[in-house]
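Residue numbers (our numbering), protein chains in the order written: chain A, 1 to 332; chain B, 1 to 309; chain C, 1 to 393.
No lab work stands behind these hints, which were simulated from the structure alone. Honestly, I wouldn't trust all of these hints.
[Claimed, not checked] Each computed BS3-like pair below joins lysine-lysine, with the alpha-carbon atoms no more than 30 Å apart:
id : chain 1 : residue 1 : chain 2 : residue 2
1  : C       : K126      : B       : K157
2  : A       : K60       : C       : K43
3  : C       : K130      : B       : K157
4  : A       : K66       : A       : K79
[What the hints assert, rightly or not] Sample of chain A residues lacking proximity to chain B, with all beta carbon distances greater than 12 Å (derived):
id : residue
5  : S7
6  : G27
7  : A35
8  : D73
9  : A127
10 : H225
11 : F244
Each residue gets a CB set at the ideal place from its N, CA and C atoms; glycine is no exception.
Here's the letter readout for the chains.
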Amino acid sequence: MIGPILSVRDLRTSFFSQRGEVQAVRGVSFDVAPAEMLGIVGESGSGKSITCMSILRLLKANGRIKSGEALFDGRDLFKLDEDEMRDLRGNDIAVIFQDPMTSLNPTLTVGEQVIETILRHRRLTRAQARQRAIELFELVRIPSATARLKSYPHEFSGGMRQRVMIAMALSCDPKLLIADEPTTALDVTIQRQILMLLKELQTRLGMAVILITHDLGVIAEVTDHIVVMYGGMVMEQGNVRDLFARPRHPYTQGLLAAVPDLRDDTHHRLTPIPGSPPDMAHPPEGCPFAPRCPHTMQQCVAAMPPLFDGARCWLQHPEAPRVAGVNELEPA
Amino acid sequence: MATYVIQRLGLMLLTLFAIVTLTFFLMHAVPGGPFVSERMLAPEIEAALNAKFGLSDPIWLQYLHYLRGIAMFDLGPSFKYPGVSVNQMIADGLPVTLRLGLLAVICVIALGVPMGIVAALNRNKWPDTGVMLLATMGVAIPSYVIATVLLYVFALKLGWVPTFGLDDWRGYILPVLALAGFWISFVARLSRSSLLETFEQDYMTTARAKGLRPGQVLFKHGLRNSLIPVVTVLGPVVANLVTGSFVIEQIFALPGIGRHFVLSITNRDYTAIMGITIFYAALLMVMILIVDLLYLWLDPRIKLSRQSA
Amino acid sequence: MSEETIAPAMWEKLDRSAAETEVIATPSLTYWQDVRKRLWANKPAVVSIGFIVLLILAAIFGPIFSPFSYSDQNLKLANLPPVFEPYRVTDSSGTSTRFFLNASNFNLYQVSEGGQVEEIIRGERKDMLKKRQGFKFGDQAVTLDYSSLPAKLLNADGSVLRPEGLQWNMTYLFGTDQLGRDVLVRQMIGARISLTVAFVATLVNFFIGIFYGGIAGYMGGKTDAVMMRIVEIISTIPLTLYVILLMVVLDSGLISIVVAIGSVFWVDMARMVRGQILMLKSQDYVAAARTMGAGTGRILTKHLLPNSVGPILVTLTMLIPSAIFIESFMSFIGLGVTPPLASWGTLTSEAVETLRAYPHQLFFPAAAISLTMFAFNFLGDGLRDALDPRLRK
Chain A
1 MIGPILSVRD LRTSFFSQRG EVQAVRGVSF DVAPAEMLGI VGESGSGKSI
51 TCMSILRLLK ANGRIKSGEA LFDGRDLFKL DEDEMRDLRG NDIAVIFQDP
101 MTSLNPTLTV GEQVIETILR HRRLTRAQAR QRAIELFELV RIPSATARLK
151 SYPHEFSGGM RQRVMIAMAL SCDPKLLIAD EPTTALDVTI QRQILMLLKE
201 LQTRLGMAVI LITHDLGVIA EVTDHIVVMY GGMVMEQGNV RDLFARPRHP
251 YTQGLLAAVP DLRDDTHHRL TPIPGSPPDM AHPPEGCPFA PRCPHTMQQC
301 VAAMPPLFDG ARCWLQHPEA PRVAGVNELE PA
Chain B
1 MATYVIQRLG LMLLTLFAIV TLTFFLMHAV PGGPFVSERM LAPEIEAALN
51 AKFGLSDPIW LQYLHYLRGI AMFDLGPSFK YPGVSVNQMI ADGLPVTLRL
101 GLLAVICVIA LGVPMGIVAA LNRNKWPDTG VMLLATMGVA IPSYVIATVL
151 LYVFALKLGW VPTFGLDDWR GYILPVLALA GFWISFVARL SRSSLLETFE
201 QDYMTTARAK GLRPGQVLFK HGLRNSLIPV VTVLGPVVAN LVTGSFVIEQ
251 IFALPGIGRH FVLSITNRDY TAIMGITIFY AALLMVMILI VDLLYLWLDP
301 RIKLSRQSA
Chain C
1 MSEETIAPAM WEKLDRSAAE TEVIATPSLT YWQDVRKRLW ANKPAVVSIG
51 FIVLLILAAI FGPIFSPFSY SDQNLKLANL PPVFEPYRVT DSSGTSTRFF
101 LNASNFNLYQ VSEGGQVEEI IRGERKDMLK KRQGFKFGDQ AVTLDYSSLP
151 AKLLNADGSV LRPEGLQWNM TYLFGTDQLG RDVLVRQMIG ARISLTVAFV
201 ATLVNFFIGI FYGGIAGYMG GKTDAVMMRI VEIISTIPLT LYVILLMVVL
251 DSGLISIVVA IGSVFWVDMA RMVRGQILML KSQDYVAAAR TMGAGTGRIL
301 TKHLLPNSVG PILVTLTMLI PSAIFIESFM SFIGLGVTPP LASWGTLTSE
351 AVETLRAYPH QLFFPAAAIS LTMFAFNFLG DGLRDALDPR LRK
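Isolated chain A (complex conformation) (with noise of 0.2 Å):
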């Protein structure tokens, strides 16, 4: 058994405005194992974005990790200094973010931004970059990858200019890949196309890549571990078999329930979940699903919830009642 590439541990980080502090994560813990793609899902607050971007430390400026770590080959992420984050960045960690009109320099050409990476993190010529800017263009599949180094992104579609970023982010063969909704900007039918590059390139390049998405369909089909967030927190855990078999937090069910079953022929309602993310200027105190969770007891408000055994959740307590379809599940 290897050891985790990264291992997240009680990170929190909040944000400060003139309303107050805005606790966008509250104590979130994962590990990512090499050569393994791992899924974090959640609504668009649940801290998810925020989780990664305190990774990379590339936070707002009114942004600030209050405490935990995140290691990071052995070392602490949250502990190196501002020169060696950013030779680590790009070069061993490399991120890919949701929206590709607005990620790339709109007055450079792509070619210029893809080389600018190599020429930071490899002692290399400008002509060798420029022909591993070529290559990259041909692994993630633009064609007629030369001419197009010279082309700037507004003379891209949105797929093509998605490529552009990921062939920008394995510039350096990075050990873990970031990928933040990296198809939520897409048209659907290039949605999948991109999802299967990244599918395709992470088990060729042995790489790790952490998936960000709100969509359950995208996580089923390529990761091979889930994190499900809410409320700046984890809720569940676990392997993408088993969460998606039998998924033991309500807000995980409620997720899964909302997404449309093209094989379900029995043409029941999708369900969405009432109610809306809690506000994280004042996080609540018990459970933060508590409001919206179909089963709350006075318990759940009452207190947080820890981890049993991969899921936040009340109802996983030994002594708790039993709840059918959460915590008693049907005979297999």
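Assemble the complex: chain A is given as a structure, and chains B and C must be docked to it using the hints.
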């Protein structure tokens, strides 16, 4: 690109034609103006005007004469000084005005942009507050007030620079500063807000996520994008610097076109007023065209949309 | 994991009605309440409003309460400073005279104890060679020596006379100009002229702009294209030049300058109005209103207008200082109002003529115009921030 330039040149000629026409007929409306036959003038001027424009001809013919003159870059004789042509007056003042204007543009870019950068990088700290205070003053205080205060303090009281004339380089300091003051402030404010906006862009996060050094992030990714709005105002800046120089040349007694212009106004030297106005307009439009071409080169997105259009 | 036992009561299902009484606490404000709240929170903008109101009051009522009119000349009391250093000479009979020395024209002026300027003091013949002049106060003789600057006042025994300290000029609070006119009242008349020009010209611009931009935006299509091409041509013409040309044609005067400024600077307003209308025409909520059966009038008054008022207001606030600026600029180069009428521009240019001898004369017109520009700029910035719903929180 070429079609764009040709289009722009065409529009420029059209505008210039409109200006010439407007100016001609405005001047014609002046009682005792240049193209009216009942006037008291020195006979040699009367003769020169007559030879040029045919004063007894109907107005449309005079207009055509004037247009023909413009087409051959001939602005006609002065209305007040015998034997002097408007072309000579312009040629006389142009070097001074151009030198002042050029220095002022350089000041605007070389001082305004760095001031904006310093302010944006130190947002809400003392350098920002200081720069913004100075810039707000620069925007609010009219240039002729700045000019006279500078003149009083540095030339009359402290005697560091000459009060008038351009005999040595120090003579340029005050006029250029007074001329550029407003626009330095304006550009400082603009580049600050533009930079702050750029800092919020996703591609800036990308640049940092690639591990680029702060210098690379700022200069390569930040500055170029945030300078685009600054370049777009450079056209009007040039225009305003040139018109602003009337007063500055007046206050510092500099022999530029602006001084000739103001003098022609007080002398009611109508042909000179017309000629200088038209010359100014043409000069400004050429400058604005140059600035627009610069803009085109800076922002590749424009190029495509213009070409395809 | 947590091995502590949990009270069985805690496993009861939660009574929903209790948990859901939490209501969102922020009270909802209407748009304009919100705007007002944000504007009042903006200190510079509030101070600016106060300053502008004061200035308008001074411009309207100030000259009425002034003992002087803007054209009253008193050449004997020309170029008086607003602050002076009074001297006192007491003769043997006990009558004392207070006076001050105008260090730039070497005149002595008698002043009362309260700081009222009374009259110029006649001295003996000036000794042009030695640069001296004698003065008699009863049996006391005082000699003014201006051979070396600054000028000194000497007693009969040759000792230097000491002033009694600073005193404000209570007759002419801001001093007098080179023709002996009261600077304060001229300053207020200047404010009257400059503000009138600014407001009227802005209003003229406003109507032309709204009319032109409104038509272009409303008609759209070819009309719009042609009208906007015209605007494009006009905007490349250096407008200051045209104001100057118009002033030459119309001859200086208050009305000409209003006409000149008003007829030239409407282009920005027209563009802005057109942009607003085009944008709003395509907004979904206008389409929604139309689907719900709202008539054109209702759409115009209930949807289009309230939404374009903001940007129009900001453009107007920004137009006022530029109109003030152009007016003063014109007056400064001698194309503005005709003497003896005063505007801030003419006051400044008159002060520049006497800059070497009486630099203080520049202070008041320069301060007045600069402060006004500050005030309108801050107000415009404040309004823009207050009106921008993107900043709404």
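Structure-based check of all given hints:
1. C:K126 <-> B:K157: 28 Å, holds
2. A:K60 <-> C:K43: Judged against 30 Å, a Cα distance of about 28 Å means the pair holds.
3. C:K130 <-> B:K157: It holds: about 26 Å lies between the C-alpha atoms, which stays within 30 Å.
4. A:K66 <-> A:K79: 13 Å, holds
5. S7: The claim holds: A:S7 sits with its nearest Cβ about 21 Å from chain B, beyond 12 Å.
6. G27: Check passes; 25 Å lies beyond 12 Å.
7. A35: 22 Å, holds
8. D73: 16 Å, holds
9. A127: Holds, because the least Cβ-Cβ distance between A:A127 and chain B comes to about 20 Å, which exceeds 12 Å.
10. H225: 24 Å, holds
11. F244: Given a closest Cβ separation of 31 Å, the condition holds.
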